[in-house]
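Q: Read top to bottom, the protein sequences are chains A and B.
Per my numbering, the first sequence starts with residue 1, numbered consecutively.
Per my numbering, the second sequence starts with residue 1001, numbered consecutively.
Calculated directly from the structure, the hints in this document are not laboratory data.
All clues given are correct.
Once the Cα atoms are required to be at most 27 Å apart in a straight line, the calculated DSS-like pairs of lysine-lysine come out as:
| no. | chain 1 | residue 1 | chain 2 | residue 2 |
| --- | --- | --- | --- | --- |
| 1 | B | Lys1470 | A | Lys12 |
| 2 | A | Lys86 | A | Lys75 |
| 3 | B | Lys1478 | A | Lys12 |
| 4 | A | Lys22 | B | Lys1470 |
| 5 | B | Lys1402 | A | Lys12 |
| 6 | A | Lys86 | B | Lys1478 |
Just a sample of chain A residues kept apart from chain B, beta carbon distances all over 10 Å, derived:
| no. | residue |
| --- | --- |
| 7 | Gly18 |
| 8 | Lys22 |
| 9 | Phe51 |
For each residue, glycine too, the CB sits at the ideal point set by N, CA and C.
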Amino acid sequence: MTGENMNRITDKFNQLTGGVRKGLAVFFGLCGILLLLDLVVHKHGDYWWNFFGFHNLFGFVACVVLVLVASWMRKPLMRDEQYYDKKSESKSK
Amino acid sequence: MINAPFLIFLFGAVLSLTVRGNLRKTIMLVTPVIGLINLVTLDQSLSWSVQWLDLELILFQVDRLNFIFGVLFHIAAIIAIIYAWHVNDRPQQLVALLYPGSALGVVFAGDWLTLFIFWECLAITSVFFITARRTPTAIRAALRYLVFQIVSGVLLLSGALVMLHETGDISVGSLDLDHPGAIFLLLAFGIKAAFPLLHNWLTDAYPQATVSGTVFLSAFTTKVAVYVLARSFTGLDMLVYIGAIMACFPIFYAVIENDLRRVLGYSMINQIGFMICGIGIGTELAVNGAVAHAFNDVIFKGLLMMSMGAVLFRTREMRGSELGGLARSMPKTTGLCIVGAASISAFPLFSGFVSKSMVMAALLIENHEIVWLAMLFASAGVFHHAGIKIPYFAFFAHDSGKRPEEAPTHMLIAMSIAALLCIFIGCYPWLLYHYLPFQVDYIPFDIPHVVEQTQLLFFSALAFIWLQLKGLYPPELKSTNLDSEWFYRKLWPGIFRHIAASADRLHRGFMGILSSVAVSLTPVARKQSYDLLMPWSVRQMVMVVMALLAIVLLLFYIFGMTN
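If we strip away everything but chain A, and leave its shape as in the complex, we get:
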């Protein structure tokens, strides 16, 4: 299953144009450097989250959770575009 997913992601990545692919490669490189920087930067305070890669992990997980919860919210909350207008039309009739 994970292998399939990885293949799908690689397929999608390969479909992108050369410029975008290069840009993304640079971006991934920068992400790697930022992760490694965590080894050398001295952190302030004595908090439980001062472990290696916290901000990296938090940024990634927060956004995935945000998007998944938001997509899930569509089920109960999403209506068609004219949802409120329809009501007022029927009222004016």
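Here the structure of chain A is known, so what remains is to put chain B in place on it, guided by the hints.
A: Frame of chain A, contents of chain B only:
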């Protein structure tokens, strides 16, 4: 007392009405410039009060807190008026000066009654930016907006009157919730600041305003509310949590919202959340952070609103599902939008970074660790929806095939001024820090902090890319998402309709019974010659009514006499 800022705007507005065309626009632009020069050269010990009945109304007084809001509102007015140079609609041109003037009236008001008057002026002038769209949808949204603003005004007046009655003192100043009338004021400010559940007027009305109208609206109303909260409720613990909720819940809506100006509306609530949180913490660092963030937010949110306005102006379209690929034909707007996106996301060297981090630092100093984590989540989220989603779905993503012209020059000038301010404040925050209400000894460019913020943002972007490649990112869909407005746009009207329909049915049923009784009695009456039960002529009817009136009159006379 000619130096009161609102008077300059009022004078400019009246003067601009006497001329037409470019001369009117020039007067409109010169007014806030003169206002700004007046404000920065003003003797800060000045105040202007008038005696009204037995009240002393303070129409104008200046200190460090309202001075910076005053400067901000002048800058915002200048940028928005340049942006609106294409507008030739007289009501919109008039309120382009009266609305910022009212906002200045509020921030420099020294007592709650004066403040109330400008508060109402702010509500009434702002509504013209929405009605100017002249579509039935916009006008309905404008009316809903006005109801919220007027309720806020009524609450403010109630609070002020209770305060006057109980204490006799209505001067604007620090309050706590035990103070008579304070709860009314907090609610009034809460409506204007878009507190949770009271927020929906903002995301309902702002996307319905005109291209330039939304730019004006986004700058003033909510920031005026932030100012009054900073003035009166600093250190109110409840605000820390209200701010955290405001920062977190709108980002979920922003991810699934299709109208890009409404996405910015949600992101505005998210940013106000940071300010409210700062005010709630109440320390010098936190209040400085809240005020600095309000300053930066007006400029970067204005920039984002302007870039989306330019897209709407050129394409007549604001739905993410119908946009995309505009970077090819609108490269300058794209670049300027990205500066706004980087600023709101608080990238180091952009303006959001130097102010948001003050609030974050203050949270940790005051041991609000849970709230800090919530705000960190909100920071990642704001980058996701405002930093990435807005530019991505408008200018990149799938090619919509639209090839609009680049934004008009005046819009590009206005956006460039805002973008330069974002970068300038981001790189050299000391000038802004110098004018904050309290002395600043905070250093934003501290290496661990810069690294952590960059890590947070880069890995948020990585999540976006991963979700896109994996096909998990929710596509932009033509849709409406239910929010608290559902209660007053669907539930209440539904209940009222139901009650009205039931009453109608009851009425019909009752009348049906009456008429069937009458019908069944008619033959009996005819047979027995009961005249009373037969249909009456008009003459008979008039006679009976007159007789009844005479009886009533007689009774009234008799009882009147005995009394």
